[in-house]
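*Asks:* Turn these sequences into a full structure, and let the hints steer you where they fit.
2 protein chains.
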Amino acid sequence: MQRYFVANNQLNETSFSIIGEDVKHISKVMRMSEGDELICINEAGLVAHCQITSISSAEVKGNVVQYLAENTELPVKVTVAQGLPKGDKLELIVQKGTELGAYAFLPFQATRSIVKWDEKKSEKKRERLEKIAKEAAEQSYRNVVPKIYSKLSFQQLIKESENHEIKIVAFEEQAKAGELTNLATSLKKAEVDSSIFVLIGPEGGLTNEEVADLEQAGFIPCSFGPRILRTETAALYFLSAVSYHFEMLR
Amino acid sequence: MQRYFVANNQLNETSFSIIGEDVKHISKVMRMSEGDELICINEAGLVAHCQITSISSAEVKGNVVQYLAENTELPVKVTVAQGLPKGDKLELIVQKGTELGAYAFLPFQATRSIVKWDEKKSEKKRERLEKIAKEAAEQSYRNVVPKIYSKLSFQQLIKESENHEIKIVAFEEQAKAGELTNLATSLKKAEVDSSIFVLIGPEGGLTNEEVADLEQAGFIPCSFGPRILRTETAALYFLSAVSYHFEMLR
Chain A
1 MQRYFVANNQ
11 LNETSFSIIG
21 EDVKHISKVM
31 RMSEGDELIC
41 INEAGLVAHC
51 QITSISSAEV
61 KGNVVQYLAE
71 NTELPVKVTV
81 AQGLPKGDKL
91 ELIVQKGTEL
101 GAYAFLPFQA
111 TRSIVKWDEK
121 KSEKKRERLE
131 KIAKEAAEQS
141 YRNVVPKIYS
151 KLSFQQLIKE
161 SENHEIKIVA
171 FEEQAKAGEL
181 TNLATSLKKA
191 EVDSSIFVLI
201 GPEGGLTNEE
211 VADLEQAGFI
221 PCSFGPRILR
231 TETAALYFLS
241 AVSYHFEMLR
Chain B
1 MQRYFVANNQ
11 LNETSFSIIG
21 EDVKHISKVM
31 RMSEGDELIC
41 INEAGLVAHC
51 QITSISSAEV
61 KGNVVQYLAE
71 NTELPVKVTV
81 AQGLPKGDKL
91 ELIVQKGTEL
101 GAYAFLPFQA
111 TRSIVKWDEK
121 KSEKKRERLE
131 KIAKEAAEQS
141 YRNVVPKIYS
151 KLSFQQLIKE
161 SENHEIKIVA
171 FEEQAKAGEL
181 TNLATSLKKA
191 EVDSSIFVLI
201 GPEGGLTNEE
211 VADLEQAGFI
221 PCSFGPRILR
231 TETAALYFLS
241 AVSYHFEMLR
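Taken in order, these protein sequences are the chains called A and B.
Using my numbering, read the first sequence as starting at 1 and increasing by one per residue.
Using my numbering, read the second sequence as starting at 1 and increasing by one per residue.
It should be emphasised that the hints constitute simulated quantities derived from the structure, not laboratory data.
Quantities reported herein were computed from a predicted structural model and do not represent experimental measurements.
Beta carbons: idealized from backbone N, C-alpha and C, even for Gly.
Keep in mind that a hint or two might mislead.
[Claimed, not checked] Calculated lysine to aspartate or glutamate pairs in the DMTMM-like style (CA-CA distance at most 25 Å, straight line): (1) B:Lys176 / A:Glu70; (2) B:Lys89 / A:Glu130; (3) B:Lys116 / B:Glu203; (4) B:Lys176 / B:Glu203; (5) B:Lys134 / A:Glu70; (6) B:Lys77 / B:Glu130.
[Claimed, not checked] Computed beta-carbon distance windows for the label pairs: (7) B:Thr207 / A:Asn9: 23 to 33 Å; (8) B:Glu127 / A:Glu13: 56 to 66 Å; (9) A:Glu179 / B:Ala217: 38 to 48 Å; (10) B:Ala217 / A:Thr53: 46 to 56 Å; (11) B:Leu68 / A:Tyr67: 57 to 67 Å; (12) B:Asp88 / A:Lys147: 28 to 38 Å; (13) A:Gly218 / B:Asn208: 28 to 38 Å; (14) B:Ala177 / A:Asn9: 47 to 57 Å; (15) B:Glu191 / A:Lys120: 34 to 44 Å; (16) A:Lys131 / B:Ala7: 22 to 32 Å.
[Said to hold, decoys possible] Which bits of chain A does chain B cover? Going by a derived footprint, with three or more residues having C-beta under 8 Å, they are: (17) 92-105; (18) 156-165.
*Replies:* What follows is the structure, given as structure tokens:
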């Protein structure tokens, strides 16, 4: 059944209302009509099986058939801090990372980031990434849409990381040096609902100064296996490993 | 140091020779000259630190400085059988799957594959995918370039899978039904050098008949976590989980 995320005030005990771009998707793309059924999920992650009673060009309305006890969220909350990569790689990371269960994405300006985002570009990019995250969350049966942060500086990022219990930085020099235990050791320290902050550098990697600052701030440098991963592959490896560790091995 | 894969007869105990497209890469892209160093890896996975003694338009030649005891291969051999997906998704799967350690890729014509490859297109696609795999293997410090099969029919694929010890099919109905143990149970049965065959359907998924045939042939249907992954994300999840299981948790 097709799934749509709605604001909390658009879904109550007995009825729902969908507005905005999803109206067109329901009427034009899915060609639904009165009596058809869909799933509504609100910002609190509540999932409702619903039935349409009316469709106008501005709003789709209907009744709640029943609330469902569905939860597909990772048992830990993973925030992916990604050094701004080139081209449309961040879109790939957000799309695939959403499927894989990320809780939030935080783009930051790394020393070796080739691209620069000014404030205007940053806001436009954030809106685009929010849209990608919403669509991917609907397709992958998520209960929540990952949060997309505005772009932060490196110093702001370190400040933001303070609120997280486990902090990991992907560091390819660890892979080259044959380090293979830090990742699993760090994940074993996490408990249900732990908040994990994982930081991945841009294409050129992190500078030694950045890595030193991160270690100072409590980040554990980890390899993600012995092979050297591209920047856009590292987040996907991490999220898959987290899923395997917390959802499949237990 | 830049890495290049060569045929077995292009690397011996004391010298190496590079021909073909890599010559241009070395001289024009990397702008190397006599005395510069690079890494040669032959088809047997032997890794040699080398020094250039001459560059012509057709050949780069030089000496072996020393052989290196490097091995970045997964301890199990994973063949990814992928139902033909739309667009350039197979290129993404091969590029990222190579970084993540896949041993081979096997495209097959699934009932719900939208695209069809005739023999001519199949060969052209295979050559393109081989090139992508070689470049990704060089960048990710692999010892071997994954094999790219010619496109197989579903029946040929089942025949081919007989040579593999562990056979897994990604099945989203398992995810929807809340099954979360088959993947780890299957991986726990694997030993070093085990050969694992993982099959992933195209965008529309596998038909019930295909799944029944695969179960008959010894495939274990597994979910890859509770979320519904796109076809191109499933292989990456699986390879990351295999790396975490065999390389990081031990």
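*Asks:* Each hint needs a verdict: does it hold in this structure or not?
*Replies:* Hints and how they fare:
{"no.": "1", "hint": "B:Lys176 / A:Glu70", "result": "holds (10 Å)"}
{"no.": "2", "hint": "B:Lys89 / A:Glu130", "result": "holds (22 Å)"}
{"no.": "3", "hint": "B:Lys116 / B:Glu203", "result": "holds (14 Å)"}
{"no.": "4", "hint": "B:Lys176 / B:Glu203", "result": "holds (16 Å)"}
{"no.": "5", "hint": "B:Lys134 / A:Glu70", "result": "violated (43 Å)"}
{"no.": "6", "hint": "B:Lys77 / B:Glu130", "result": "holds (18 Å)"}
{"no.": "7", "hint": "B:Thr207 / A:Asn9: 23 to 33 Å", "result": "violated (42 Å)"}
{"no.": "8", "hint": "B:Glu127 / A:Glu13: 56 to 66 Å", "result": "holds (59 Å)"}
{"no.": "9", "hint": "A:Glu179 / B:Ala217: 38 to 48 Å", "result": "holds (40 Å)"}
{"no.": "10", "hint": "B:Ala217 / A:Thr53: 46 to 56 Å", "result": "holds (48 Å)"}
{"no.": "11", "hint": "B:Leu68 / A:Tyr67: 57 to 67 Å", "result": "holds (60 Å)"}
{"no.": "12", "hint": "B:Asp88 / A:Lys147: 28 to 38 Å", "result": "holds (30 Å)"}
{"no.": "13", "hint": "A:Gly218 / B:Asn208: 28 to 38 Å", "result": "violated (51 Å)"}
{"no.": "14", "hint": "B:Ala177 / A:Asn9: 47 to 57 Å", "result": "violated (33 Å)"}
{"no.": "15", "hint": "B:Glu191 / A:Lys120: 34 to 44 Å", "result": "violated (56 Å)"}
{"no.": "16", "hint": "A:Lys131 / B:Ala7: 22 to 32 Å", "result": "violated (48 Å)"}
{"no.": "17", "hint": "92-105", "result": "holds (count 4)"}
{"no.": "18", "hint": "156-165", "result": "violated (count 0)"}
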